[in-house]
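With the sequences and hints as input, model every part of the structure.
In order, the protein sequences belong to chains A and B.
Following my numbering, the numbering of the first sequence begins with 553 at its first residue and continues without gaps.
Following my numbering, the numbering of the second sequence begins with 34 at its first residue and continues without gaps.
Treat the hints as calculated values from the structure; they're not laboratory data.
The model shown is predicted, which means the values in this text are computed figures rather than measured ones.
Treat the hints with caution; some may be incorrect.
Cβ pair distances, simulated, as ranges [said to hold, decoys possible]:
| hint | chain 1 | residue 1 | chain 2 | residue 2 | range |
| --- | --- | --- | --- | --- | --- |
| 1 | A | Met789 | B | His110 | 29 to 39 Å |
| 2 | A | Thr920 | B | Trp77 | 52 to 62 Å |
| 3 | B | His104 | A | Thr1187 | 55 to 65 Å |
| 4 | A | His1177 | B | Leu157 | 53 to 63 Å |
Calculated from the model, a selection of chain B residues having no Cβ within reach of chain A, i.e. all distances over 10 Å [said to hold, decoys possible]:
| hint | residue |
| --- | --- |
| 5 | Tyr37 |
| 6 | Trp77 |
| 7 | Leu96 |
| 8 | Arg111 |
| 9 | Met139 |
For every residue, glycine included, the Cβ atom is placed at its ideal position computed from N, Cα and C.
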Amino acid sequence: MAISNRTHRRGNEHFERVPELGRAPIGSEEEARLANIWKSEPGWRGWLSTVDHKTIGLRYLVTAFIFLLIGGIEALMIRAQLALPNQTLLAPEQYNQLFTMHGITMIFLYALPILSGFSNYLWPLLLGSRDMAFPRLNALSYWIFLFAGIFMYMSFPLGLAPNAGWFNYVPVSGPIYNTGPNIDVFALGMVLLGISTTVGSVNFVVTLFRMRAPGMTINKVPILVWGTLAASVANLMTIPAVSLAFFLLWMDRQFGTQFFDVANGGKPLLWQHLFWIFGHPWVYAIVLPAMGIVSDALPTFCRRPLVGYTAVALATMATMLIGFLVWMHHMFATGLPTVSLSLFGAASMAISIPSAVAVFAWIATIWTGRPVFQTPFLFFAGFVILFVIGGLSGVMVAAISLNWQLNETYFVVAHLHYVLLGINVFPVIGGIYYWFPKFTGRMMNEKLGKWNFWVMFIGFNLGFFPMHIAGLLGMPRRIYTYSSRMGWDSVNLITSIGSFILAIGILLFIINVIISLKRGKKASSNPWDAATLEWSMSSPPPAYNFAVIPAVASRHPLWEDRLEEEGARRSNLAEGYILMKGHETLSTSPIDARPLVIFKMPGDSYTPFFVGLLVSLLFLGLLLHWWIFTGLMATASCIALIIWMWPQKTLAQRTVSGTAHPLQGDS
Amino acid sequence: MNPYKTLLALFGAPAAWTVQMLLCESLTSFACYPHQAPLSAPQWANLPLILMIICVVCLSFSLISGYVAWHLWQQAHRSIAEAGSSNQAIKVSGGQSQFLAMLGVMSSFIFIVAILFTSCAILLVPLCSEWT
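This is the structure we're talking about:
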C-alpha cells in the first residue's frame, strides 16, 4: 500500500523523514532507548509534571471513584432519613444540600470523569499510538477536573453547599430565594468544570482522527472509541450552553442582571432550555462510552466478535444525534405549546430505535457465542438487563400524558437511576475487573468478584425497583420526610435496605481491589485471550506503549489466526515503524489511516498543573469578589499559557515519505 | 468514493431531521405563544401549509440522501464482485468504503423514520390546542 504525502509543502524538505522499519523486542537496545525516552521523572516532580495518558487515565479513575464513594455516602444518608416516616435525622436544609450534592457529584464529578479515565488510559493502546494527540491538554483536563471538584465541595463543610437540585432551576436558585453563596459555588464550579470537559473532548476527537495505527481504517476502531467520540462531540456542542446559563445566573446573582428574573422581563424557562440543551446530551455522554466498554469487552467472554459492529457503531452516533433534540421532554409540564410536546415526544420515542439495535447486538453476541461466566461477563450481562428496564421506563415517560402523571415523582428517580447507575456503574465496575490486569499487572479475585456482582445486582434492584412503585403511589421526589398515612412506608424501607446492600457490594469491590493489588495473581499480557491491541503488550504496559508502531489489518488483531480467511492480510505487531528520536508517534489520515506525519510529542511539563491551578484560583477570586487577586490570577494564567505554547523547533512535525506499509501478507 | 456523496449519505438525513425539528418547533411555538399569553389559533393563517412544505422538503432531502447512500453501497458491493471475493476487495480498500456506505444507508433509514415520526406529530396534533 502506497503512502500518501498530503502534508508536503515546497520548502519543507528538511522536515521530511523516512521512518525506519524494524523490530524492537523486549530487552533489545532499541527498546531500552525507548523506555528511557518515555519514562517520567521519579518523585513529586514526575507526579506533578507527567503527561503520560496511562497515569492521567488512572488518576481520573481513582479520583472519579472517590467522588462515587462521596456521592454514595450522601445517598446512604438520604436513604437513612427516608427509611421510615417522620424521621428527623436530617433537617430540611441539610437534606436539600445532600440530595443536590449527591446529584452533582454522581452526574458531573463521577459519571463522565470515570469514563474519561477509561478512554484516556485505553485509547492510545486501542488505536496503536504512543499517546493522545495533545498530552499536555490531557493533563490540564485532569487538573482542572480535580480542582473543580474540590471547588464545588468547598462550601460543603460550612453547611453552604448548593441546595437547589442538580438542575438548579430558577427562581429557587436565583438571588431572591437563595441568598447565600451556595449557588455561586455551583455556578462557577460548573463553568470551571466545563473547561476541563471541553479540552478533554477536543483531545479525544483529534486523537481518533489523527492517531490511529496504519491500516486501522475508520471501520476498524473499537466501539468504545465511537462511544467516546459521540460523547466528546456532544460535549463540544452543548457545554457552551450550560456554561452560559451558569454564567448568566451568576451575573443575575452578583450584578443584578435580570436574565432569569420574571418580574423584570427575564425568562425562567430560558434557564431550563439552556440547561437541558446540555443536560440531555450529557446523559448520553455518560452512557455511550459505558456502552462502548460492554461492546468491546463482552465479545471476549462470548468467544466471538460483536454481532453487528456497523449497526452498533451507527446506533452509538445516531443515539447521540437524536439526543441533541429531545431536551424538551424534561419540560413537558412547563406549559409549552402542544405541538412542541408532540415533536419532542416523537423524537424521544425514536431514540429507542438505535438503543434497541445495541441491545439486540449484545443479546445476539451472547446467544451465538460461547459465554464464559467470569466476573466481567456477569457485570456486562447484568448491565443489559438494567438497560432494558431503564429503557422501557424511558419510553413510558416519553409519552406526554403519562409524563404529566409521573412528573416529579419517584418513578422518574427510579428511571434515572436505572439509566445512569445501571448503564454506567455496572459497565464501569465490569470494565475495571476486565482491564485491572492491564492497569496493574495483577488479576482480581474471581470468587470475591462474583459475590461482588450478585450483592450489587440484588441491592441495586431491591433499592431502585420499588422507587417505580413509590412514584406510582404518588410520592414526590426531593421531600425530606413523609407521613406514615401516605402508604409509602414499605417501599421506602425496602429501597433503603436495597441501597445499603448495594453499598455493601461496592465495599466488596473496594476490598477486592485492595487485596488484588497486594496479592492478586500475576497477569500475563493477555489473560482473557482478548482480541484488541491493548492485550498485545505487557501488563502493565511500558511507558512508550508500542515499541514499534503496529500495522493493523482487522478489528480483532489478536484473533486473526482463528477468524480470518487463509491468505488474508494479517496485522503486524512485531515489525513496524521505529520512531525514537524523542517523543515520537505516527499520525495517520482520518478515514484511511495512511501514515502522514511523524508527530513530535511534547514531554512532561509543569505548565498544565500551573495553568489548572491558576485558572481555578481565578474562579476562587470571582467567588470571593477578590477582584485584584482575580486580575493577578488571570495575568499569571496567561503567562503560564505563553510558556506552555512557546514554539519549539524540535517539536515541528516531520512529513513521512517513501516507505511501505508493513502489513503481513502484502506482496 | 466521492467524499461529497459520502458526506451527503452520512449526514443528509440527520441534517434534514434537525432542520425539520428546529424550524417546526420555532415556528409553531412562536405562532401559538408569541408574547405573554397563549393564543387559541396560530397568528399566521397559512402556518399549516408552511409546516407541511417543511416536512415534504425535509423528507425529500432525506430520501435523496438515502438514495445516494444506497447507490454508494451498491457501488461498493459491485467493486467486491468485480474483485472476485470480498476478501480481495477489502485487501485493496481496507473495507472503509463499504463501511461508510452501509453507515449512510442505516443513518438515512433511521432519520427518515424520525422525519416521519415528526411529520405525524405536526400533522395529527391540532396547532395551539389544549392537550386533551
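Here's how the hints hold up against the structure:
With their beta carbons about 34 Å apart, methionine 789 of chain A and histidine 110 of chain B fall inside the hinted range of 29 to 39 Å. Under the hint 52 to 62 Å, the C-beta atoms of threonine 920 of chain A and tryptophan 77 of chain B, about 55 Å apart, fit the expected range. The hint said 55 to 65 Å for the Cβ distance between histidine 104 of chain B and threonine 1187 of chain A, and at roughly 58 Å that hint holds. Distance hint check for histidine 1177 of chain A and leucine 157 of chain B: the Cβ-Cβ separation is about 54 Å, which falls inside the suggested range of 53 to 63 Å.
At roughly 14 Å from the closest C-beta of chain A, the C-beta of tyrosine 37 of chain B stays outside 10 Å, upholding its exclusion from the interface. With a minimum CB-CB distance of about 14 Å to chain A, tryptophan 77 of chain B clears the 10 Å threshold, and the non-interface call stands. With a cut of 10 Å on Cβ distances, leucine 96 of chain B stays outside the contact zone with chain A, its closest approach being about 17 Å. The non-interface label for arginine 111 of chain B is consistent with chain A: the shortest C-beta to C-beta separation is roughly 18 Å, beyond 10 Å.
Consistency note on methionine 139 of chain B: stated as away from chain A, yet its beta-carbon is not over 10 Å from all of that chain's, at 5 Å minimum.
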